[in-house]
Amino acid sequence: MNIVEEILIKNSLITAFVFVGVTVYLSYFLSEKLTKGRFHGSAIAIILGLIFAYIAGSYYEGDKGVADIAILSGVGVLGGSMLRDFAIVATAYGAKFSDLKTSGVVGIVSLFLGVILSFSLGSIVAILFGYDDAKSITTIGAGTVTFVVGPVTGSAIGASSEVIALSIAAGLVKSILVMTMTPIVAKSIGLNNPRSAMVFGGLMGTNSGVAAGLAAVDPKLVPYGAMTATFYTAIGCLIVPSLLFLFIDVIY
Amino acid sequence: MVIYGIALLGICTLIGLIIGKWLGELFGIDANVGGIGIAMFLLMILSNYQNFKLSIGDISESGITFWSLIYIPIVVAMAAKQNVVGALDGGFMALVAGIVVVSISFLFIPLLSNLKDK
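Here the protein sequences line up with chains A and B, keeping their order. The opening residue of the first sequence carries number 1 in this note's numbering; numbering runs sequentially from there. The opening residue of the second sequence carries number 253 in this note's numbering; numbering runs sequentially from there.
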């Protein structure tokens, strides 16, 4: 047992790959068996990750989730800001300016409106719940943009780990709601053509939420929504920690 | 060479982060201002050049697409290292924030879709 532990700790990043791989596999299995794929596997995987972090946090009383467990310390590296930022940049590969142009002004309007609308509503909720410092309000608002913009913003402006975790939770709730509610409301909001799919991607922005939500409505619409959604996180990362943070900072 | 794609991705990321840090100093905040967003736009501009795929080749390209595909697992790892216990006090707030944002955003979809391009 000691030998196994020693090897797992010594090769912690590889252990982390296995840990995340098994988690993702289990999540897609649950997604398929329990929800017939309606509830996206990646969303379940993220929820499982948060649950593991909660369990680890209550047993070890640390603030780094499962990364506080010696054999899982590599999860801290894999999920740390360096590799995370690297992977986020890579998702922009292949997104086309020309496609955005043909979708017209509406696509661009929906992107900026979507980011600003989500951020404003999220910030208002944060203020109503009693947060009164600019960093926390901005980070929670950023979390309702997407669960990626939340932590990127939070670590950029120096918010606390609790607030960053909260911003991820808010983004996750948004992502899950988009996945589950989209098929239900699709008809009444006219989500049945490429144009409205692009608007949908621009307003919602959360990648897994948009991709899973559209797939449940009409798989042909996925690329249109996913494409605007790709720009969404970039615009969020661009304007939330800068312009919108300065705006909140001036008010508070 | 697969390393070319990875290196290119690295160049975009580093340039973005450097500009972001520089912008932060410009705004007078000790923070990286939109560095990741700038890096994404750089990569988008690069990958939209015609013949870009030809010039870097399929295998080099896979150095970028690999990292794009590994993005969700990294987000899973990121979730697993968060301070969830500390966040739980505000768990209800996360729920309220999510519900408010999604419901109101849904309402804007028909409004925007019906706007005419011109």
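In short, the hints are calculated from the structure, not lab data. Cβ atoms here follow ideal geometry from the backbone N, Cα and C, with glycine treated the same way. Be aware that a few hints might be false.
[Unchecked claim] Some but not every residue of chain A turned toward chain B, in silico, with C-beta under 10 Å:
| id | residue |
| --- | --- |
| 1 | Gly37 |
| 2 | Ile55 |
| 3 | Asp68 |
| 4 | Ile71 |
| 5 | Ala87 |
| 6 | Lys174 |
- [ ] Just pull the numbers of the violated hints for me, sorted ascending.
- [x] 1, 4
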